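S.K.: Given the sequences, and given the hints that come with them, work out the whole structure.
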Amino acid sequence: MTFSTTWRRLPRTLRIVLTRLPMVVPQMLGVIFVTFMLVRLLPGDPALLMLGNMATPESIANLREQLGLDGSPWQQFVHYLGGVLQGDLGVSLFTSNPVAVDLMERAPATLELIFYAMILTILIAVAIAVLAVVRPGGIADYISRFYGMAAGAIPDFWVGLLLIFFLFSTLGIAAAPFGRIDPMIAAPPTVTGFYTFDAVIAGDFAALRSAAGRLLLPVLTLTIVNAGALMKMTKTTFAEIWRADFIRHQRASGLSQSRIVRNALRNSLPPIITLIGFLVGFLLGAAVLVETIFSWGGLGQYAVQAVTYSDYPALQGFVLVAAVFILVVYLIVDILYELADPRIQV
Amino acid sequence: MSQIRNFITFILSRPGAAFGLALLLLQVVAIVFAPLLATHAPTEADPLASLQPPSGAHWLGTDVSGMDIYSRIIYATRVNLLISIVAVAVAFVIGVPVGLVVGYYRGWASTFVMRVFDFIQSFPVFVLGMALVSVMGQEIWNVAIVLAVLFVPIFARLIRAEALSLRDRPFIAAARCSGATDGQIMFRHILPNALTPAIVQISISIGMAILLTAGLSFIGAGVRMPLPEWGLMVSVGSQQMILGVWWVALFPGLAIVFSVLSFALMADALRDYVDPRRERA
Numbered sequence: 001m002t003f004s005t006t007w008r009r010l011p012r013t014l015r016i017v018l019t020r021l022p023m024v025v026p027q028m029l030g031v032i033f034v035t036f037m038l039v040r041l042l043p044g045d046p047a048l049l050m051l052g053n054m055a056t057p058e059s060i061a062n063l064r065e066q067l068g069l070d071g072s073p074w075q076q077f078v079h080y081l082g083g084v085l086q087g088d089l090g091v092s093l094f095t096s097n098p099v100a101v102d103l104m105e106r107a108p109a110t111l112e113l114i115f116y117a118m119i120l121t122i123l124i125a126v127a128i129a130v131l132a133v134v135r136p137g138g139i140a141d142y143i144s145r146f147y148g149m150a151a152g153a154i155p156d157f158w159v160g161l162l163l164i165f166f167l168f169s170t171l172g173i174a175a176a177p178f179g180r181i182d183p184m185i186a187a188p189p190t191v192t193g194f195y196t197f198d199a200v201i202a203g204d205f206a207a208l209r210s211a212a213g214r215l216l217l218p219v220l221t222l223t224i225v226n227a228g229a230l231m232k233m234t235k236t237t238f239a240e241i242w243r244a245d246f247i248r249h250q251r252a253s254g255l256s257q258s259r260i261v262r263n264a265l266r267n268s269l270p271p272i273i274t275l276i277g278f279l280v281g282f283l284l285g286a287a288v289l290v291e292t293i294f295s296w297g298g299l300g301q302y303a304v305q306a307v308t309y310s311d312y313p314a315l316q317g318f319v320l321v322a323a324v325f326i327l328v329v330y331l332i333v334d335i336l337y338e339l340a341d342p343r344i345q346v
Numbered sequence: 347m348s349q350i351r352n353f354i355t356f357i358l359s360r361p362g363a364a365f366g367l368a369l370l371l372l373q374v375v376a377i378v379f380a381p382l383l384a385t386h387a388p389t390e391a392d393p394l395a396s397l398q399p400p401s402g403a404h405w406l407g408t409d410v411s412g413m414d415i416y417s418r419i420i421y422a423t424r425v426n427l428l429i430s431i432v433a434v435a436v437a438f439v440i441g442v443p444v445g446l447v448v449g450y451y452r453g454w455a456s457t458f459v460m461r462v463f464d465f466i467q468s469f470p471v472f473v474l475g476m477a478l479v480s481v482m483g484q485e486i487w488n489v490a491i492v493l494a495v496l497f498v499p500i501f502a503r504l505i506r507a508e509a510l511s512l513r514d515r516p517f518i519a520a521a522r523c524s525g526a527t528d529g530q531i532m533f534r535h536i537l538p539n540a541l542t543p544a545i546v547q548i549s550i551s552i553g554m555a556i557l558l559t560a561g562l563s564f565i566g567a568g569v570r571m572p573l574p575e576w577g578l579m580v581s582v583g584s585q586q587m588i589l590g591v592w593w594v595a596l597f598p599g600l601a602i603v604f605s606v607l608s609f610a611l612m613a614d615a616l617r618d619y620v621d622p623r624r625e626r627a
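Protein sequence lines correspond, in order, to chains A and B.
My numbering puts the last residue of the first sequence at 346; the count rises by one with no breaks.
My numbering puts the last residue of the second sequence at 627; the count rises by one with no breaks.
It should be emphasised that the hints constitute simulated quantities derived from the structure, not laboratory data.
Any given hint might turn out to be false.
Some chain B residues close to chain A (C-beta under 7 Å, calculated; not the full set) [stated by the list, open to error]:
1. 519
2. 566
3. 584
4. 595
5. 606
Because the structure is a prediction, the values reported are computed rather than measured.
Idealized CB from N, CA, C, for every residue including glycine.
M.R.: Next comes the structure, spelled out in structure tokens:
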């Protein structure tokens with residue numbers, strides 16, 4: 001039995017995954033190289049810059065050794081690469097914890113935020129786009145035009161502040177913009193790291209209420225800003241499919257409207273999946289700004305703290321984790337794209 | 347000249363585009379006549395006039411250090427547009443020739459350059475921008491340089507796509523037969539026909555650059571106080587927003603929205619002007 005026949009006997013999903021996976025390796029190496037170069041862009045001796053002018057020669061020598069700054073650039077890169085592969089991202093100068101530990105602790109907060117923002121963004125964007133295409137000239141069509149134009153121009157941090165002003169300070173409806181849960185309520189025991197999920201698992205409804213309330217404003221902020229772009233592009237894709245011959249044929253055959261919409265959506269799925277991949281990247285960048293406003297305590301706020309205190313190992317670690325996260329998302333998106341489009345040969 | 351007149355007639359016949367043009371002109375006026383329009387010095391702090399609501403003396407109120415918000419918004423137009431226009435201009439000047447060469451010559455080097463661009467673009471823009479500016483130092487020119495680096499792949503990619511589709515056309519073969527060198531073919535024959543999408547992209551990118559600059563300054567990875575910059579001004583007002591002091595953060599944010607909107611509307615108008623089929627679709 002030759003390789004090619006064995007290959008063809010594998011399930012399609014497995015073939016897609018196996019062809020995609022090796023492409024990630026050079027990308028990951030590239031990411032590690034970029035984060036390695038990042039600290040070398042610092043003007044002057046990084047160790048001196050990080051420790052400040054009061055540093056003693058011994059402490060500088062110590063930090064230089066810890067950062068692997070001695071030796072040739074090649075040795076330095078190998079030192080850094082070796083560390084990263086073992087999960088060693090250095091030690092934060094601000095928190096004095098290993099950066100990897102700091103990032104792991106904060107990741108669930110950011111992921112929970114992005115998770116809910118994604119769901120809401122997709123629901124709103126796809127709903128408006130479909131309604132606008134199915135009923136041209138209707139309310140949804142006008143909303144989509146106006147919103148599509150305006151949404152790309154609104155800074156997310158400003159929307160967050162306006163929501164705080166109107167919904168918390170003025171009307172008093174929303175929860176306080178300080179963190180993920182009311183300080184008077186104990187966080188649910190960690191299972192997934194998502195407070196809402198953990199609260200449900202623990203059956204703690206006071207915690208669930210509080211966590212959901214705190215999520216409302218930041219999720220709304222991210223959705224308002226990001227749904228516009230997704231809606232616009234979904235509308236273009238969906239409108240194209242909606243004019244296709246097979247849709248006209250289905251209509252002529254007397255299929256119900258909802259059935260036709262479902263079929264058209266199924267066919268516009270691959271490009272929408274790609275867009276959602278990009279959306280995750282945008283949301284991660286936006287989370288940096290939004291977390292700062294809502295004192296969210298996630299990766300974004302950690303990164304801003306790193307910028308404020310010139311904590312370069314922490315910043316470097318954050319960029320690495322963010323880039324790897326996005327690469328993994330793109331990988332999943334590519335795989336889903338090929339799964340959703342049966343015409344693609346593997 | 348008649349091209350420009352046609353374009354202006356086209357813009358004026360469409361309400362969205364006309365609104366965009368009006369906003370754009372307003373910014374030009376603010377940039378040129380800032381000293382005449384401003385009522386106060388933009389970086390003059392007045393501790394006695396801290397957090398004044400909008401009034402006859404301070405049209406849009408004052409921030410926590412007593413600086414006049416209206417005057418700072420006017421002067422910030424210079425800072426924000428300068429950073430954005432310089433960044434996009436640099437990205438255009440580097441990205442266009444690179445895209446042209448990479449699109450014209452096929453081979454491993456071209457493939458490699460495109461892979462590098464793919465890779466840069468796979469980073470979340472804001473995260474990479476934040477890290478680069480904070481490593482290079484929070485200076486106005488560093489912000490512009492970083493944005494330029496982030497935008498080069500966008501222009502290169504657009505020009506490359508056009509160059510790829512043009513290079514095998516008969517008129518290029520004709521130019522080659524009449525003895526044109528590769529350089530002449532690329533810059534005299536392909537470039538003029540490949541520029542349209544990149545020109546539309548200039549307007550879109552300036553809007554993106556304004557948003558990114560504001561975002562970077564907001565988290566402290568952009569320009570520093572007391573330089574008037576819209577994102578920085580929103581950040582100054584962010585602590586008071588929760589106390590109900592709305593004017594400090596509201597007005598500079600509106601300036602960002604209208605500025606970005608003007609460039610987005612102009613990009614749309616340009617795109618519809620050069621490709622009327624799009625509009626009907």
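S.K.: Against the structure, test the hints numbered earlier, and report the numbers of the ones violated in rising order.
M.R.: 1
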